[in-house]
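Peer 1: Can you make the complete structure from the sequences, with help from the hints?
Residue numbers (the numbering used here), protein chains in the order written: chain S, 1 to 294; chain Y, 1001 to 1352.
Just so you know, the hints here were simulated from the structure itself, not pulled from any lab data.
Owing to the predicted nature of the structure, the values given are computational and were not obtained by experimental measurement.
A portion of the hints provided could be inaccurate.
One-sided and incomplete, this derived list gives chain S residues near chain Y with beta-carbon spacing under 8 Å [what the hints assert, rightly or not]:
no., residue
1, Leu230
2, Leu271
3, Val276
4, Leu279
Keeping only pairs whose Cα atoms sit at most 20 Å apart, straight-line, the calculated SDA-like set for lysine to any residue is [unchecked claim]:
no., chain 1, residue 1, chain 2, residue 2
5, S, Lys95, Y, Asn1211
6, S, Lys95, Y, Glu1213
7, S, Lys95, Y, Tyr1316
8, S, Lys95, Y, Gly1137
Note that beta-carbon positions come from the ideal geometry of N, C-alpha and C, so glycine has one too.
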Amino acid sequence: MQPGAAVMDILIIGLLLGGTYALMAMGLQLQYGVARIMNLANGEILVAAAFGTFWFFTATKVSPFVSLIGIVPLAFALNWAVYRVLILPLVRRAKNQGQLDVDSILATFGISFIFIGILLHVFGGDYLSYSYLARPYVIFGENYGLNRIAAFLGSAAICIGLYVWLHRTRAGLTLRAVAVNPSAAGLVSIDVERVSALAFALGGAVTAAGGTLLSMFLTFDASLGVLFTLKALVIVIMGGVSEIRGAIIASFILGLAETAVAILVDPGLTLAAAYVLFLAILLLRPEGLFGRRV
Amino acid sequence: MSVGDTSGTAAPPARPSEMATTHARHSSGLSANEKRNLAVCAVIFAMVATLPMMSDGYWLSIGVSIAMYTVLATSWMLFSGPTNYISLGTAAFFGIGMYVVAGGIDVLPYPALVLLAGIAGAVFAAIVGLATLRIAGVYFVIFTLGMAELIRQIVSWGQAKMGSQAGLYVLTGMSDAALYWLLLSLAALVFLVGWWIGRSRLGFALRIIGNDEVVAVHSGINTARAKVILFVISSAFASVTGAFVAPRYSYVEPTIAFSPFISFQVVIMALLGGVHRLWGPLVGVIPFTLLWELINASFPRQTTLLLGVAFLLIVYLIPHGVVGLVEDLLRQRNLALGRLVEMMRGRKNDNG
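Peer 2: Printed below as a string of structure tokens:
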């Protein structure tokens, strides 16, 4: 491969991938930044959505975008129930944020294994993928999968919608208020428990949308959730816990780094790319790229 | 460090002991109570060590599993118990130990490989610890979450690069009985080290860190140093366990050596028993291993799901483990007894 072509490939495939990652990062951000829950089962929601899309597409041959209509509300309801039934007791019994972090890490770690068990039971342990829009599309004289471009555009539309909702509506404002300071938000008659549940459920729904879009061009198996959880966490740490623009830029950085490693070294080493970024952030700017030093 | 020296001139115990008490942690030397406990532990250890003479089939293999998870869960608890920094990456260290043995078995003698495995695990833990434990917060937990998978990817890639096959054979001819004794001795060593740490300045520092890290910093404790040292000790034990167990697997490949289930099971067992007593994890390991054998035999396809459910039940219903639960109950009973005795006394005084 020509060096110039390799650079172009890394840039375009990396940006397309990063743009699609932005959804799961925003999902995790809503859950950790607003609801204050470190959700280690986030990746399993993403994989479940990918499996659901696979099932829908192979059964009906209708565009995966249509399956969003069913998957997103389902994921919202499921995550709402998880928050109400499993997380809220932990929130109420925790004496401080540190205690809540420990408890929610343990609980969601257990929940992630329950999800994996259910996925294994329903779909089996095989790799699943389907072929949708697997046609080349020419950008600057090089071929790129049309499915990657479609997924990127879908992700961009949802991200913009979410951003506008958070910054232009009253409901979005309450979410941002809880993100800044839950106890102060309570003082201005915001029902913090309800808003946290909403943020957690919305985060799950956005992550599930990310899973549906990623399934258009990635192959999934039931055990892959932890990889996506980790990638989303690295993005959120890099971009800052409460800064959506930071998360989007960090998503692009991770997408570019992974694609560079996949093309130049080995496609099996993408997690190493995420860890290198993670280490760099921890050593150089633990408050995140756009966070303020405390 | 401004904390008082609590280790004193403790005489090393004469024999490896399984259970070490922390009662007399603030006195130097061994109290009569401690000597008695050490003797009891030595006797229990000797009795447990006779298992291979009584059974060489099913029960010995369960004994090996129990000994293995006792080492892993207790060494996990040494670090995560007092500090509340939950490590989800035991499998990474376990797998490193296994791979050092699998990769070097044709080159070096087995005992040298075990030593090398411990060193490799310690070095890796030191790197991870220095990167993540200097900063407070959840970074450490997140880092350990994907660590086993990270090492698995790197090992698979390295093997493909060197043109070696993914699977490696470890044929040493070690018997299950020998493995059992090795693991049992390692367990004894973990308990001794844990007992020693509990009495040392390091253990004292860690308990303060676990209670309130800010207070620890303000009392002049080098918190990062204490955490890294203990994480290194704890991880080296996991790597040595992997090195011991490698011959039992005889065929080692990345997906087996770095299976995330090892990390998960270790955390479950430690939490089930309780992480605030040295022997707490042991209380969880024994019933859980037996239960697990049963589940694996009866519901082989639902193991992941059931493991998750068991984990949630423990987190929600017994957050301090069985040991914590029993201690709470005992405390309540003692309180009730005390009240009863006072009432009786009061009545006697009234009569007299």
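Peer 1: Each hint should be assessed against the structure and marked as holding or not.
Peer 2: Verification of the supplied hints:
Checking leucine 230 of chain S against chain Y: minimum C-beta separation of about 4 Å stays under 8 Å; hint holds. For leucine 271 of chain S, the interface hint holds, since its Cβ comes within 8 Å of a Cβ in chain Y; the closest pair sits about 5 Å apart. Given hint, valine 276 of chain S at the interface with chain Y, is violated; its Cβ is 10 Å from that chain's nearest Cβ, farther than 8 Å. Look at leucine 279 of chain S: its Cβ gets to within about 6 Å of chain Y, closer than 8 Å, so that hint holds up.
For the hint pairing lysine 95 of chain S with asparagine 1211 of chain Y, the CA-to-CA distance comes to about 13 Å; that is within 20 Å, so the pair holds. Taken as a hint, the lysine 95 of chain S and glutamate 1213 of chain Y pair is honoured in the structure, with Cα atoms around 16 Å apart against an allowance of 20 Å. A hinted pair counts as satisfied when its Cα atoms are at most 20 Å apart, and lysine 95 of chain S with tyrosine 1316 of chain Y qualifies at roughly 15 Å. Pair hint lysine 95 of chain S plus glycine 1137 of chain Y holds up; C-alpha atoms about 16 Å apart against a cutoff of 20 Å.
This entry does not satisfy hint 3, going by the numbered hints stated previously; all others are met.
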